[in-house]
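J.: Sequence:
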Amino acid sequence: MNQQKYQPNQIIDPKVIKELRDKLDLKQSEMAEIIGCNRSELSLIENGKLIPDWLERFIRLSRLMSQAGYSWEDVIMKFPEPTTPRASEQSAEYQYK
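The numbering used here applies: residue 196 is where the sequence shown begins, and numbers increase by one.
It cannot be assumed that every hint is accurate.
Below, in silico cross-link-like pairs of lysine to aspartate or glutamate (EDC-like), each with a Cα-Cα straight-line distance of 20 angstroms or less [unchecked claim]: (1) K213 x E228; (2) K218 x D208; (3) K222 x E236.
FYI, nobody ran anything at the bench for these hints, they're computed from the structure.
Work out the full structure: start from the sequences and follow the hints.
T.: Laid out in structure tokens, this is it:
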């Protein structure tokens with residue numbers, strides 16, 4: 196995974212990621228599973244030592260949307276629970292419907 200170390204005045208304030216997890220009363224392992232990373236990676240993100248490429252892309256897209264006057268609610272009409280397992284979770288018998 197392409198990763199870079201956090202630099203001051205960079206894309207995210209890592210404290211907000213931890214505040215979000217605390218506000219939702221999630222353990223690092225629980226939030227990591229929800230967002231699709233591992234617990235140690237989330238720890239590095241929360242401590243400002245890592246910005247994963249997926250987070251950087253998400254933030255850049257969010258900024259572009261904001262500049263154009265769009266929000267995520269404009270793009271994603273409903274917020275369904277993910278129903279397709281990740282490739283690592285799929286069994287040999289799993290078939291897409």
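J.: Taking the earlier hints as the rules, which of them does this structure contradict?
T.: none
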